[in-house]
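J.: Protein sequences, first through last, are from chains A and B.
Residue 225 in this note's numbering is what sits at position 225 of the first sequence, and the numbering runs on without skipping anything.
In this note's numbering, each residue carries its 1-based index in the second sequence increased by 1000.
In case anyone wonders, no lab produced these hints; they're calculated from the structure.
All of these numbers come straight from a predicted model, not from anything done at the bench.
Among the hints, erroneous ones may be present.
To be verified - Label-pair ranges, simulated between beta-carbon atoms:
{"id": "1", "chain 1": "A", "residue 1": "135", "chain 2": "B", "residue 2": "1579", "range": "39 to 47 Å"}
{"id": "2", "chain 1": "B", "residue 1": "1595", "chain 2": "A", "residue 2": "16", "range": "39 to 47 Å"}
{"id": "3", "chain 1": "A", "residue 1": "40", "chain 2": "B", "residue 2": "1572", "range": "50 to 58 Å"}
{"id": "4", "chain 1": "A", "residue 1": "3", "chain 2": "B", "residue 2": "1063", "range": "26 to 34 Å"}
{"id": "5", "chain 1": "B", "residue 1": "1557", "chain 2": "A", "residue 2": "117", "range": "16 to 24 Å"}
Unchecked claim - Only part of the chain A face toward chain B is listed, based on derived beta-carbon distances under 10 Å:
{"id": "6", "residue": "44"}
{"id": "7", "residue": "67"}
{"id": "8", "residue": "77"}
{"id": "9", "residue": "174"}
{"id": "10", "residue": "188"}
For glycine and all other residues, C-beta sits at the position ideal for the given N, C-alpha and C.
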Amino acid sequence: MSAVRAAADLRRRVLAAAERRLPALTRLKRAEPLPIRFDRRRIYVLPTRFGLGFAVLLFVMLLGALNYGNNPALLLTCLLGAAAGASVFAGFRALGGLILLRLRAGEAHAGDMLPLHLGFAPGARGRAGLRLRCGGAETAFALAAGSEADVVVALPVAQRGWFRPGRMQLWTDYPLGLFRLWSWLHPAFECLVYPAAESPPPPLPDGDGRVGEQLGAGASEEHSGLREYRPSDASRLIAWKASVRHDQLLVRDAERRSGTALTLDYAALSGLDHEARIRRLTAWVLAAEAAQRSSTLRLPAQSIGPGLGGTHRRACLRALALLPDA
Amino acid sequence: MNDRLDDRQFALLTAAVAATLATHLGHLPAWLTLPMAVLLPLRAWTRQRGSAAVRAWIRLPLTAALLALVVTNFGNVFGREPGSVLGCGLLALKLLETERIRDARVALGFAAFVLMSALLFAQSLAFSLAICAVLVLLLAALAALQPAPLDPGRPLRASLRLAAGLLAAGLPLAAAAFVLMPRLGSPLWGSPGNDVAARTGLGERMAPGELSQLLIDDTPAFRVVFDGPVPPQPQRYFRAIVLWDFDGAAWTRGLTYRYPLEDARAAGPRAAADYTVTLEPTDRRWLPALDVPLGAPPEARLAADRVLIAFGKVVQPRRYAVRSALDYTLAPELPPAQRARALALPDGFNPRARALAGRWRSEGRDDAGVVQAALALFRASFTYTLDAPLLGRDSVDDFLFGTQRGFCEHYASAFVFLMRAAGIPARVVTGYQGGWWNAGDGYLLVRQSDAHAWAEVWIEGRGWRRVDPTAAVSPARVELGASAANADAGWAPSGWMRELRNRLDFANRLWTEGIIRFDALRQKGMLASFGVADANPGDLLLALSVLLGVAMLIATAWALRGGFAERAAGDALDRAWARFLARLARAGVASRPAEGPLDLRRRLGTAALPDAARSAAEALIDEYVGLRYGTGEPAAERIAALAARVRKLRLPRRVKAP
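Next up, chain B with everything else stripped away, as it sits in the complex:
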């Protein structure tokens, strides 16, 4: 039997494989994508012109080259990155030799595997939907390998519909299996941490201007659900990192673990908020919390300067509940070591700023007066913009006396420098500010673009106070959020688009909450709500098997349904007649294959039936004969009447035929 792929099958196969490879484009190295981009179209073109599979003496060196490149670039062939690169390369090479149905099936099966591995690199809802679309294409390519299509005119449409139908039919079972599949407590190999690519996000280092990439990143950073009332926008400062040290170019965190935990006290019981954060993976350990967290969630600790640090890197979406004081007193006493560090400035940088701070002091201002003077300076002539000019070596001087244009980093950096120069302990805090309140679903969405930097100054008797110099320049940034402040910056999508994206975020949230974060704990919780407490993996597998059995039964009923329907073929009159014959047979008068209705009627005369039943049956036969053979198109109501009479017919049971 000739099982060479025809052009249509090969085209669909190529499309499915190319789409699968495309899902990996985000991380494949150029030395693989470029040859693939040349080889695949070339192969499709040459095959269309009738040439056979690429010969082994070309394929084998290519395979060897692929292996060698993977090993030299990654060191081995195992693990997520090298494995997926190797898989993509092998899949492309498989297409070069695919000429027959069997090869095509192997290629498509392997493509399903490669497709799954793409999900190790990205898991967002949009990407997952794209993967699902490619899956439909894969199954359609598999279905197109069947020899005789039903609809030869539109085979692609039929294949796609079949594939989508199969997936749709499998969806309920897949969802149930997803819920019940026992999750592994610990990975069998490798580290699950490997499966999230390094994210952009807040770093432990802040140099003016470096954050601008983050500020135009619209991906969600985290979502917050509040137990009580939602804090107003100006209070939504999510504290992530405190930066102590300045080397003239950048602010860094340095070491803080020797310091005692700074004392934090809420101003009153109403000044605290309880909330739950779902953090997207960051590949870092910082857990943002509303300024200022009062305690640490499980698997995390509170650093001395009141930032939350997870025990491990956040490589999967992470959910944690925190209680924060919104109005607070933080560290009324400042130990000398911390005080010295909060005043330290590198020598030989920014002389003009130092001079300005000295002048303020010499004017006899107290600490609060210096803070006000600095804010007044910003308010007077500075501009908030993401399009900030580059700064030179004396970055603070250049900013204060030169460009006077910048965003939160510039202001926080310059402000803290001025405070330290004036002898006020100060430090930089980075985190997120604002967020978009989704009223419909009741959660706060904070994007990467809501990243923010502000300052804390230590005032005698009042402790660390939050001062946001950016608010002095652009009140809108704090009052209305990053999008409002950046609206004129040119890069921002127009308002309604942002609004739409914000509204669509609930789907992303459902995906993250319902699917990505559905771990063993959530599984237990879900089963507990059905009254199954403490389900162990064995129970889960049992439930899964039962479910599979039920699904099989339903599917079997569906598959057999057509058969029953066909047995009762014919029109309504035929069905009524068939029912009548069946009832007669039960009464002992079985109709014979070669017997017409009138013969049957004649035989009824000799059958052992009560007279009433016999005459009723004879009347029915007469009626049937009249309808079937006396009229061209029997009236529906007469057929219905006949069917009703068949139903009402009283016949004795199991009378032996004479």
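If we strip away everything but chain A, and leave its shape as in the complex, we get:
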């Protein structure tokens, strides 16, 4: 078994080397803009191993039928052979004319699976048995006639930063598995992979004493985290019970609610190496968001925040993802 795997590994490495050296030979395409249309110039066909075996079988059947002078058997063999031949064209129609309209990536941290959404337009006919292989991942899908559809392939991503899915293969052995038709696509597309978060998540750092915006004037213990209503406040922030008790409208204060404002400082994590710091900061960004605490991210060249919410989180993660290597 390990020998088989070693052989497969060797084959993959030889192919990879060949692609680097002889891009024309292996049809390594330069990245191309969307939409990508699959036409006859980029669809390749070869019989599968099963198809080759089937051809041998057909030949044996032909010999047998001719040897015994058995015409019905000969007709059956011819019919089977012709149907097998017709299957190439049915397979081509499953692939030909398909258009890749758009490409969109979901969020992923390094080490996770990155969901890649490919929007296909199938055209006037339905297509079944399509498969998309990208990196080590493969997904099978069918497209109903006339309606655009998203296909999701989950890719393992190992490193933070810009990620190029690179060359993908759209292939099918529809309808009988006798022929494999494929097309390479190399869309000009890259997406950001967030850094991995430290696991298990470390506790959030204590507030460093600089308490955000401090307590409002006149607010008592009881009022901690509450302030008077201002017309611009969202109604969902109104603390109804407290308002009843105090005969005035009070709202929960986002700043207050988080208690002390967090500062997530790259420079403060001096005991760790570069990537470990990034992992910890990532974990903290996520934890702060989960705890609904405002945070400020301080990185060597920039500072983000203070802030809270999706936009802030994404900005922090993006900055972390794009930190240059140490």
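Chain A is fixed; fit chain B onto it per the hints.
T.: Just chain B, lined up with the frame of chain A:
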């Protein structure tokens, strides 16, 4: 990637394999069918309950047992019978271990092979159609292995439709390849004679009662096309075998090759018929011919007693042309050796019949008078029935004086015995009588159930004369045919059903004539009619390759068609606009990707175009903009008018853009 078969795929696979095995049921031994009938449902049931493939320690002994059984039963594993038994067994065993897509594909490919081998045992039209249906199922099972079906709600229907569509698409090419495929002159291995199972049919031995199985066999025996007028029903006696020897129990043929050929002469030129017979395989050498054949077709000889004997057994449908005399004189002189043999009777059998014949003689009757006396006896009190009682040791006595019920064999046997006992040379002739005339297609269909036995007596000066004692008892048997005579016998299908089956026989005939018998000779003949004389295998292969190329081109055009259609997507207005842009581009004004119609119109002002063309183009653009953006649903006639204007637009060619 998980490629384990899901329940639906496995169910379809099991159905396809089971249907394939079912096509072999006719000849598989019970020691194989019974375990298969247990193992396959068991496997389907256990898999549905989640258990994995049958383990190797069960499968391997089963495989070994299968091999051992085949070898002990057949002696080897090669050849048609043992090969197909082994193939069926291996296919069933393959299903036991099939768990993944790859296994399923191998199993289905092998099933196609096993399916083809079923045609080595039977080739009738109905069976071939059944095989074709199983083929659809096989391809559907193969198609169902695809990961993502288009119509998840009804995957079976989609798979079946796809399989049938593929076969239908391949049919023209398959038919052409069938016609052009060079046939082998001689088999590469084995003997093609092996590929027809022993048939029921006329035998070289006739004992009263033995023919009854044949008489209820409705399968076609042969078909006849006449060159001239069709002989009337009472003259349609097809002579196959002459039986000389009686041992008290059965009539047999014995040896006749030393005798000189009996002289046969037609009574006149109009008393002869030319016709062509297509005989279904019999695995015997007799070729039935109208009484009495005047010559032998190629690859056959005429025996002394005027029956046709082929050089080899008839193992494929065989076609031969014969000329027969319907009114004839046969052997006016009877050599002593034949005469003695035509009078011989075993001692110690049927004393009462001998006594009856002696009494007739003593009454002073001549030969013709004895014949008439015997026929009168049958006519008086005998009954024609297929449901004849069993006879004892003295079969003729039992029949004549006891049961008095029987069919042609009984009458022919008793009659010839009586004649010989009375000193008249006589012999039994078996063959077929009657047949069903298919007026629409102009051929005579003779079934096994038309098998018949009659007598020939030799009369001084007139030679061998045909006497049919059955006709004396049941004139309908000869006048109207076997079906009419047997109509009350209980087993016969009702009249309209017979009629229907007879009418449907033309399809069987087409199949036999067009497909089964399409050999190298017919192939040559067919090509000759297209002006290709003497095509050798090389030419055929060349023609086949050319044909394949043409088929590829057509299929490629079909596959690409969708692509062209999609390029011209959108409604009629879009298409007219696209055509307009294309024409403008040819005139040197190519529209730019980010350019709207009005921008284009503005740019036209600076383009090097003749004024007439420019104003026409501008008018067209205005019209398009009005239609596209000015109205919700542009009127079809206005779009048509626009398209017509685009067609009529006169633009100069290849003007360089400024």
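J.: If a hint holds in the structure, say so; if it does not, say that too.
T.: Hint check:
1. 135/A <-> 1579/B: 39 to 47 Å: 44 Å, holds
2. 1595/B <-> 16/A: 39 to 47 Å: About 43 Å separates the Cβ atoms of residue 1595/B and residue 16/A, which means 39 to 47 Å holds.
3. 40/A <-> 1572/B: 50 to 58 Å: For residue 40/A and residue 1572/B the Cβ distance comes to about 27 Å; the hint is violated.
4. 3/A <-> 1063/B: 26 to 34 Å: 27 Å, holds
5. 1557/B <-> 117/A: 16 to 24 Å: For residue 1557/B and residue 117/A the Cβ distance comes to about 35 Å; the hint is violated.
6. 44: 14 Å, violated
7. 67: For residue 67/A, the interface hint holds, since the closest Cβ of chain B sits about 5 Å away, which is under 10 Å.
8. 77: Result: holds, 6 Å to nearest chain B Cβ.
9. 174: With Cβ-Cβ at 6 Å, under 10 Å, it holds.
10. 188: Violated: closest Cβ of chain B sits about 17 Å from residue 188/A, beyond 10 Å.
When held up to the earlier numbered hints, the structure conflicts with 3, 5, 6 and 10 and fits the remainder.
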